[in-house]
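Let the hints inform the model, and build the full structure from the sequences given.
Residue numbering for the first sequence follows the numbering used here, starting at 660 and increasing by one per position.
In case anyone wonders, no lab produced these hints; they're calculated from the structure. C-beta atoms are modelled at their ideal positions from N, C-alpha and C, and glycine is treated no differently. One should not assume that every hint holds.
[As the list claims (entries may be wrong)] In the PhoX-like style, the derived pairs of lysine-lysine whose C-alpha atoms are separated by at most 20 Å in a straight line are:
(1) K950 to K1003
(2) K842 to K738
(3) K692 to K711
(4) K687 to K738
(5) K687 to K711
(6) K755 to K711
(7) K738 to K711
(8) K950 to K874
(9) K711 to K690
(10) K723 to K711
(11) K950 to K970
(12) K970 to K931
(13) K1003 to K970
(14) K690 to K723
(15) K931 to K1003
(16) K692 to K755
(17) K771 to K711
(18) K738 to K771
(19) K687 to K723
(20) K970 to K1015
(21) K1003 to K1015
[As the list claims (entries may be wrong)] Derived CB-CB ranges, DEER-like:
(22) P1026 to E772: 51 to 61 Å
(23) D841 to C1001: 46 to 56 Å
(24) A724 to P767: 15 to 25 Å
(25) K738 to E917: 52 to 62 Å
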Amino acid sequence: MATPIISINDLHAHVGQTVTLQAWLYDKTPKGKLIFLQARDGTGRCQCVMFKGDFDEATFEAAKALPQESSLTITGVVKADPRAPGVPGGFELGVKEIAIVQTSAEYPITPKEHGIEFLMDNRHLWIRSARQWALLRVRATVMRAIRSWLDGRGFLEMSTPILTPSAAEGTTNLFEVGYFDDKAYLAQTGQLYNEANIFAFGRVYCFGPTFRAEKSKTRRHLTEFWMVEPEIAFCDLDQLLEIEEQFVSHIVQTVLRENANELKTLDRDVSKLAHIAPPFPRITYDDAVAKLIEMQAGLRAGTPVLRHDGKPLEGIEDPALLDITWGMDFGAPHETALTQLCAKPVFVTGFPTAIKAFYMEPYPGRPEVCKSADLLAPEGYGEIIGGSERISDPARLEERIREHGLPMDPYRWYVDLRKYGSVPHSGFGLGVERTVTWICGTEHIREASPFPRLINRMYP
RNA sequence: UCCUCGAUAGCUCAAUGGUAGAGCAACCGGCUGUUAACCGGUAGGUUACAGGUUCGAGCCCUGUUCGAGGAGCCA
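The following block contains the structure:
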């Protein structure tokens, strides 16, 4: 009689029943007349137990010799047993039949420790490992939460081009590709096109891969990453920040609700995420610079400014890393220091106009700062959102394009948008992998992408 | 582009300038509750590459390649 084929994450609903799993062997522990097989099927992992007396000699010996990652169908009775390891765990299969689909070749990734180069060379296999599996499941939840939140609030998903004729903010960081007899560049943002889209649809977002040819070699950078960019008509910077904090909170809370097992696998301290809810604190660039100067002085004087939880700052080995004067952009150490002052993500608003993109609206009466806001994730994870209110006046926009030394022709259509019913409008871009890295509490962004592209890595 | 560190068995790592070693994986044997099981045994090496110093180099020197971490820039 055929038994039902079920997923490991559905085991709890089949206690006492005979079911079939289609799975791979994650690990095994043979113990003489008893074998523990740990099976994974993409939805979870569970222990399957074989007793020698239940099988003929050949079947039992074959099972005992199975290499890691062999593919199997296993039929048995589901039992609740608190001793059973796995994800979600607590259930095991008392094996009645086992069929080997393929006996795996010797599998390179053992349950022991490995170096990062080896693991990256074997990324196509590494994604099967518990930690990577959990991370990428969280990533999928993050992407789903992004879409469902925006779709539920009147945002229309609009695809923006990946092949673009020129840069929004200079071409040095762009990948150049041949385009018949011409050149094209891989998009580093869909924002400008989204600004056209809002005049047709009101609120839109684009969601796709983004490319940066930066020669960055840090734990925060990929050359190809996914970014969601909402853009909203009739929206100023203050309204934008409210949207951002609700959006980010929704993403975090969705992962907490749906990926508890994954976060446990990752050993993530969820108490650092549970309280993520609006409102997020706001600090102006002016105040942030003053705070950084104070923090640097504190470190040097031996009377350091403490973190939000009362502990000393971490990750600032040398106070000189906090060097800053008004007008400078923040580096990673500045972000690391600032984010430790707060348990929630923090908005830094009003950056100097000179260090930001040409399209950002200056503050009335104070044109040296603009209506921009970065959102910095806690625990030193850094910038996950960059956003701003865009210039709505055509003359001012043209002026800013000239000041940046950009050619006017490619931006003709962009200026055009301000001539036909211009309105205050704002938008932001959220980096998916950085968000996943923060939520998962992971060291390096490369683990937040299934097949990360890094400055020195395109294989596999 | 710059700074720092690294490269030894399939993997993770040891080895005062003096015979190249362990754990895991593989292979053989044992074990009915393991959680990276454990116990016994077998096999496994062009010490990244090129040159130099030395009686003798995995180790010291020079260069190259590759990798890791960080800076700048950014999400």
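The hints, checked one at a time:
1. K950 to K1003: With Cα atoms ~17 Å apart, K950 and K1003 stay inside 20 Å; holds.
2. K842 to K738: Answer violated: K842 to K738 is near 62 Å, above 20 Å.
3. K692 to K711: Roughly 5 Å separates the two Cα atoms, so the pair holds.
4. K687 to K738: Roughly 19 Å separates the two Cα atoms, so the pair holds.
5. K687 to K711: Since the Cα atoms of K687 and K711 sit roughly 15 Å apart, the hinted pair holds (cutoff 20 Å).
6. K755 to K711: holds, 11 Å
7. K738 to K711: holds, 18 Å
8. K950 to K874: Cα-Cα ~30 Å, so violated.
9. K711 to K690: Holds: K711 and K690 sit about 10 Å apart, inside 20 Å.
10. K723 to K711: holds, 10 Å
11. K950 to K970: Holds: K950 and K970 sit about 17 Å apart, inside 20 Å.
12. K970 to K931: holds, 15 Å
13. K1003 to K970: It holds: about 16 Å lies between the C-alpha atoms, which stays within 20 Å.
14. K690 to K723: holds, 9 Å
15. K931 to K1003: holds, 9 Å
16. K692 to K755: Holds, because 15 Å separates the two Cα atoms, which is no more than 20 Å.
17. K771 to K711: violated, 28 Å
18. K738 to K771: Roughly 29 Å separates the two Cα atoms, so the pair is violated.
19. K687 to K723: holds, 8 Å
20. K970 to K1015: With a Cα-Cα distance of about 33 Å, the restraint between K970 and K1015 is violated, given a limit of 20 Å.
21. K1003 to K1015: violated, 24 Å
22. P1026 to E772: 51 to 61 Å: holds, 55 Å
23. D841 to C1001: 46 to 56 Å: Taking Cβ atoms as reference, D841 and C1001 lie about 48 Å apart, which means the hint holds.
24. A724 to P767: 15 to 25 Å: holds, 18 Å
25. K738 to E917: 52 to 62 Å: Given about 26 Å between the Cβ atoms, the range is violated.
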